[in-house]
Amino acid sequence: MSGMKTNSRVLLGVALWGGCCSIAHAKLDGNLYFSQGLAYSDDNAFIADEGETEAGLHEAIANFNWRPHARFRVAGQGYYRKLGNLDPSDWNIDYLFAEYRLPIPKGNLALSVGRNKNDQGFFTAQQDTLFTRPGVLLPQSVYLSYTRDGSLHLDGAKLSGNHFFGDQHFSWDVAYGALDITENLLRNSFGDASADVSDSRSFSASAQWVYRPWMTLKLSYSDSKFDVDPLIAGLPGNSKNERWIAGYRGEWSHWEWIAEYAETPIDVSGQVPAIVNGQPVIVDGAALTVPVGINRTQQAWYVQSNYRLSEPVSLMLRYGSYYTDKDDKSGSSFVAQGQPAWVSWSKIWSVGGRWHINNDWLLALEMQHIDGHGVFPVRMRNVDGTKRYSQLYLAQLAYRFQW
Amino acid sequence: MNTTIKRIWTKSLLIKYLPSAKHRLQRTAVGLVTCALLWGSLPVSASAINVVTHHPAAEQLARSELRQIYTMRKQFWPDGSAITVLVLPQKSDIHTQFSRQVLKLLPFQLSREWDRLVFSGTGERPLEVSSEQEMLEMLEQLPNAIGYLPAQQIGQESDLLVLF
Numbered sequence: 001m002s003g004m005k006t007n008s009r010v011l012l013g014v015a016l017w018g019g020c021c022s023i024a025h026a027k028l029d030g031n032l033y034f035s036q037g038l039a040y041s042d043d044n045a046f047i048a049d050e051g052e053t054e055a056g057l058h059e060a061i062a063n064f065n066w067r068p069h070a071r072f073r074v075a076g077q078g079y080y081r082k083l084g085n086l087d088p089s090d091w092n093i094d095y096l097f098a099e100y101r102l103p104i105p106k107g108n109l110a111l112s113v114g115r116n117k118n119d120q121g122f123f124t125a126q127q128d129t130l131f132t133r134p135g136v137l138l139p140q141s142v143y144l145s146y147t148r149d150g151s152l153h154l155d156g157a158k159l160s161g162n163h164f165f166g167d168q169h170f171s172w173d174v175a176y177g178a179l180d181i182t183e184n185l186l187r188n189s190f191g192d193a194s195a196d197v198s199d200s201r202s203f204s205a206s207a208q209w210v211y212r213p214w215m216t217l218k219l220s221y222s223d224s225k226f227d228v229d230p231l232i233a234g235l236p237g238n239s240k241n242e243r244w245i246a247g248y249r250g251e252w253s254h255w256e257w258i259a260e261y262a263e264t265p266i267d268v269s270g271q272v273p274a275i276v277n278g279q280p281v282i283v284d285g286a287a288l289t290v291p292v293g294i295n296r297t298q299q300a301w302y303v304q305s306n307y308r309l310s311e312p313v314s315l316m317l318r319y320g321s322y323y324t325d326k327d328d329k330s331g332s333s334f335v336a337q338g339q340p341a342w343v344s345w346s347k348i349w350s351v352g353g354r355w356h357i358n359n360d361w362l363l364a365l366e367m368q369h370i371d372g373h374g375v376f377p378v379r380m381r382n383v384d385g386t387k388r389y390s391q392l393y394l395a396q397l398a399y400r401f402q403w
Numbered sequence: 001m002n003t004t005i006k007r008i009w010t011k012s013l014l015i016k017y018l019p020s021a022k023h024r025l026q027r028t029a030v031g032l033v034t035c036a037l038l039w040g041s042l043p044v045s046a047s048a049i050n051v052v053t054h055h056p057a058a059e060q061l062a063r064s065e066l067r068q069i070y071t072m073r074k075q076f077w078p079d080g081s082a083i084t085v086l087v088l089p090q091k092s093d094i095h096t097q098f099s100r101q102v103l104k105l106l107p108f109q110l111s112r113e114w115d116r117l118v119f120s121g122t123g124e125r126p127l128e129v130s131s132e133q134e135m136l137e138m139l140e141q142l143p144n145a146i147g148y149l150p151a152q153q154i155g156q157e158s159d160l161l162v163l164f
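Taken in sequence, the protein lines are chains A and B. With the working numbering, the residue at position 4 of the first sequence is 4, and numbering never jumps. With the working numbering, the residue at position 41 of the second sequence is 41, and numbering never jumps.
Just chain A, with the same shape it has in the complex:
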């Protein structure tokens, strides 16, 4: 993948550029994070095989933040992650960039170059640690676990701003760059981890308005595309998708409410050989191809409420809904292909609890009741032993260390 080599050179350049800026009195700090989880799947094959307990849920993160000058900052983070049968163990650079910030009246602007986290919705940039996620898993309806890698970060440039008006804080960012298309994303999305990816690029933007703890609104948009070879039947194709996320978050007394709504128009197009009477059609010595593709809009939303029993202990209740195609909520296109309609949607109830044992240790428990297989990767939908209604039980213990 030539794109990955280019990305590595860019990241190395960022690190070297940061190294040249060294001056005395630099501020340097960082974090280490580890977690271990357990999952038990009952009537589904998501994360753990059906009826099995899966202990292969690990996360490890190391990051640093170095400010050699009041206006400059270099920061980086690497992670190792395994999420049962969904995400094989792998490590990656999550972010590594150099940032310049500039004060302006009532706020500041910042430009960062390198690998930047994608700040879409409330949790795309916050999904790597249990301390920043709203549960053991993100709300699966809006944040599909199996396409996670494609939305994590961009290799390019990001411009952001903060503006303050009394109690109000308005922040925004726009970013452009190449997507980091991993083998895991290809396996989960297209079934072939060895495909070549080229010409990947993405534009993203988000805006957030905060007015006191009970009112935070956020709107995010992204537009991404990349070419895949092969996509289907040994022939190349491309994938394009847009994504809108609108969200609300607020805290009152012991309660916290979060709600997000997302739409994702998807356009995957490729070619397949034309077949007539069981034979490929040859024109001028070459096989004739016909276009094929998927063009639909995923629709998802969730509402989550947290209730704080005491400072370290809170309970969570969440309901989420996901449709593979918002214009075909009955799943008729899946039925036409011989699959049950419920593989096209998921409706998920989640209950859970969190216990901040102390500042560095956190324990979380979660149970999900899932109707439908829409949020699972294609290879896990309607497989042997699974049913329309299923349960997922999760536990996770996390530790962090700051230096």
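One should not assume that every hint holds.
As the list claims (entries may be wrong) - Covered stretches of chain A, as calculated for chain B (at least 3 residues, CB under 8 Å):
1) 28-34
2) 60-71
3) 91-104
4) 127-139
5) 160-171
6) 381-392
To be verified - Derived lysine to any residue pairs resembling SDA-like cross-links, with alpha carbons at most 20 Å apart:
7) LYS106/A / ARG63/B
8) LYS91/B / GLY30/A
9) LYS27/A / LEU136/B
10) LYS27/A / GLU134/B
11) LYS240/A / ASP199/A
12) LYS27/A / MET138/B
13) LYS104/B / GLU311/A
14) LYS27/A / ALA82/B
15) LYS82/A / GLN36/A
16) LYS240/A / LYS218/A
17) LYS326/A / TRP301/A
18) LYS218/A / MET72/B
19) LYS106/A / ARG73/B
20) LYS91/B / SER130/B
21) LYS106/A / GLY80/B
22) LYS106/A / LEU66/B
Unchecked claim - For the chain B half of the interface with chain A, some residues (derived, Cβ under 8 Å), not all of them:
23) GLN68
24) MET72
25) LYS91
26) SER111
27) ARG112
28) ARG116
29) VAL118
30) SER120
31) GLY121
32) THR122
33) ARG125
34) LEU127
35) PHE164
None of these hints come from the bench; they were simulated from the model. All C-beta atoms, glycine included, are put in the ideal place defined by N, C-alpha and C.
Using the hints provided, position chain B relative to the given structure of chain A.
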């Protein structure tokens, strides 16, 4: 009614005198939940906490702006100089009091805001000092720094601005 009382009485006796593994587990679970609930409500010694800085722009600082500074969103003073935000260790009682009394945030809420910045790379956490003495020294040395100290810790002769 009598039947109900009898059932409750019988159940109590069973729990008391037949401590099976299930019942022991139940009682352990209740104990753990009780401990967890009490954990965060342990009292800390109460004394006035003041916000302290040398920077003249802080004289006009509202509580909401102080919250924006300590959640690391507001990064510059109005004159364009970068704010150096100082904190005591998170296990310190002074830090807990400052968070609750001055910012009106629970310490874990403050910590969660910093985690969101640090693990996404979109920001950084404050500069942590090891003691109240070091906090005072840093505040004296750094004109753009802001911190907090117990009222009795700030000397009468100090030219630091004392807020809140």
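Which of the stated hints cannot be reconciled with the structure, identified by number in ascending sequence?
6, 16, 24, 35
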